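Sequences and hints are given; from them, build the entire structure.
Going line by line, the protein sequences match chains A and B. Just so you know, my numbering puts 231 at position 231 of the first sequence, and the rest follows in order with no gaps. For any residue, its number in my numbering is found by taking its place in the second sequence, counting from 1, and adding 334.
Heads up, a few of these hints could be off.
[Stated by the list, open to error] Using C-beta positions, here's what the derived DEER-type ranges look like:
hint	chain 1	residue 1	chain 2	residue 2	range
1	B	Ser666	A	Arg119	14 to 22 Å
2	A	Ala305	B	Gln363	34 to 42 Å
3	A	Asp73	B	Arg665	49 to 57 Å
4	A	Thr327	B	Asp423	34 to 42 Å
5	B	Ser361	A	Ala305	36 to 44 Å
6	B	Gln403	A	Gly308	37 to 45 Å
7	B	Ser663	A	Asp64	41 to 49 Å
8	A	Gly308	B	Ser663	37 to 45 Å
9	B	Ser668	A	Asn84	30 to 38 Å
10	A	Leu40	B	Gln403	51 to 59 Å
11	B	Ala664	A	Pro211	33 to 41 Å
The set of hints was computed from the structure by calculation and includes no laboratory data. Bear in mind that the values here come from a model prediction, so they are computed numbers and not experimental data. Even for Gly, the Cβ is constructed at its ideal location relative to N, Cα and C.
Chain residues, written in single-letter form:
Protein chains: 2
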Amino acid sequence: MTDLPDQIRITEEGPREGFQIEPGPISTQDKVRLIQALALSGVPTVQVCSFVSPRRVPGWADADDVVSQLSSDTATRFTALWFNQQGIDRAVRHRDKLTLIGTIHTVASEPFCQSNLQRSLAENRLAMNAQCAAHRAAGIRVEKVSVMAAFGCNFAGDLTVDDALSAVADGMQIADDSGEHISEIALADTMGWANPEQIRRVVSEVRSRWPEPAIRLHLHDTRGLGIANAYAGMCCGVSRFDTTVGGLGGCPFAVRESSSSTSAGRSMPPGNIASEELVLLAHETGVDTGIDLDVLVEAGHLAEAIIGHSLPSAVLRGGSLTRFRKTASARSAS
Amino acid sequence: MTDLPDQIRITEEGPREGFQIEPGPISTQDKVRLIQALALSGVPTVQVCSFVSPRRVPGWADADDVVSQLSSDTATRFTALWFNQQGIDRAVRHRDKLTLIGTIHTVASEPFCQSNLQRSLAENRLAMNAQCAAHRAAGIRVEKVSVMAAFGCNFAGDLTVDDALSAVADGMQIADDSGEHISEIALADTMGWANPEQIRRVVSEVRSRWPEPAIRLHLHDTRGLGIANAYAGMCCGVSRFDTTVGGLGGCPFAVRESSSSTSAGRSMPPGNIASEELVLLAHETGVDTGIDLDVLVEAGHLAEAIIGHSLPSAVLRGGSLTRFRKTASARSAS
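Right under this line is the structure:
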């Protein structure tokens, strides 16, 4: 009835997103355990760490150690995040373990660019040009344009489809200028503003203007619409999603800005869409993910044990439907 | 891009669903406070109580007192739930406060009927025939057929579209036999089995076979797909939904059956879809609800204060977008 893809491919960002926002400290060993548990579920790609300044993100001071301890005998691809030359330098030292892909980061909102990257959109363009050159020098291909705040912004308010298109166009221009070929455009709902109709509009406009690159959605569930947004994306044929196990993580800016007098002291708003919820949605609608949902749910419970509190994923509470189906088959067979 | 309705109308079931499942005790005064707070948000209908045996549902022993204390100077309709002659007798005593509508309850799953209603489907048909006569004797019109477990069942497992259709057909036949005119068919995902594609299939088949009655969806968010399911319903033009403030409530059977060794001791699975999340979905996609979302969010925080723990609604954590839009307008105007 809809244009669902035959399969979707999930990039699990729980370790990278989650361990940077959790108060911690979380041991290197626990980080490695969770990553290996996720790999065991069959998740195609896990973003395992951030190569950022330990002063800015203390939770990732041990990024090199985490990667060094990962077992490489798995079908899961391990990736990492970095933002500058120091990050590139650290990443290339782990070529044996990591799949290295360069990303051009753009932002659909000027004030969010200022607040999050501490530079104007114009300055960001120059920085991304320089970063393309740095990737080239390090032998890393730049294949991805990623747009932050593509659907709305706590600082700028509502954004138009044109704001998103213009940010994508910027990224594509930077790639062109640097002679890079972009195979993926990622649209991030960084602060949880998207709704399903907007997802359809933005995705269809981006695809109509840039038909070749695959589209990826990076969705947050800040206001409960995350899985509906993912479904709307799937209905337009989007087949690549970023998720986090249990719904780990979240944008620190979104958290700070959403505190109000009535919600102060309560648990923080949900972060990224939960991997288990998206996998359940996919499987129940006949879409393959390559993932064993029940093994993934176990990884979610491990994540909760490691961070010491429960996570927002409803599937971690309600469970998958597997055991009910088993009992029902046994009943009808008897 | 989709066939969204111009408006949806929500029946808020938080008081009825929530106060029967919360361990309590919750004072009559607090129940009345929450109902009045919900009415203040502009919710068109609030199901305020259950006229059931206090032995079976101790939380509703004070149902008569709650209704007596409700203020009737509000545009909000108050309704109630009942299952037998005793319930009808209690309900009619509150004709001045309550909108009384009779419902024919059917079930798409034989084992769930046995487990939840303690009778077979065949026995339920007879019971519903008798209940139609009892409603008629009490001067209550029977206008609604409501199908429990319409999308799957913890006991029977997966159910087909035909299972749902057959339960609706049963209900319509009972109405016909009793000379009642059905204006609404409610489809309940009692145990959280539905997915958005299934919602589309079942809704379109029900509508094609019974084009006249309005369709209502009663959805649970047991596994995180509730709002995606509501969106799929809206995409097929469904404009009536049952929700609960904060996501209060849940099916006791779903809770009991979903306990596993790994999730034991954790918070219970989410109940009904959260009113705030559905209202946010509607408003963000341009669909009217008649509800002030920020006042509803305050009612959600009141519900949390009354029951003494936080509720699953993401909007209660993340907040609405109102204050960000206000700040952004002020910024761009200055």
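Outcome of the hint check:
no.	hint	in the structure
1	B:Ser666 with A:Arg119: 14 to 22 Å	21 Å, holds
2	A:Ala305 with B:Gln363: 34 to 42 Å	41 Å, holds
3	A:Asp73 with B:Arg665: 49 to 57 Å	52 Å, holds
4	A:Thr327 with B:Asp423: 34 to 42 Å	39 Å, holds
5	B:Ser361 with A:Ala305: 36 to 44 Å	37 Å, holds
6	B:Gln403 with A:Gly308: 37 to 45 Å	43 Å, holds
7	B:Ser663 with A:Asp64: 41 to 49 Å	46 Å, holds
8	A:Gly308 with B:Ser663: 37 to 45 Å	40 Å, holds
9	B:Ser668 with A:Asn84: 30 to 38 Å	33 Å, holds
10	A:Leu40 with B:Gln403: 51 to 59 Å	56 Å, holds
11	B:Ala664 with A:Pro211: 33 to 41 Å	40 Å, holds
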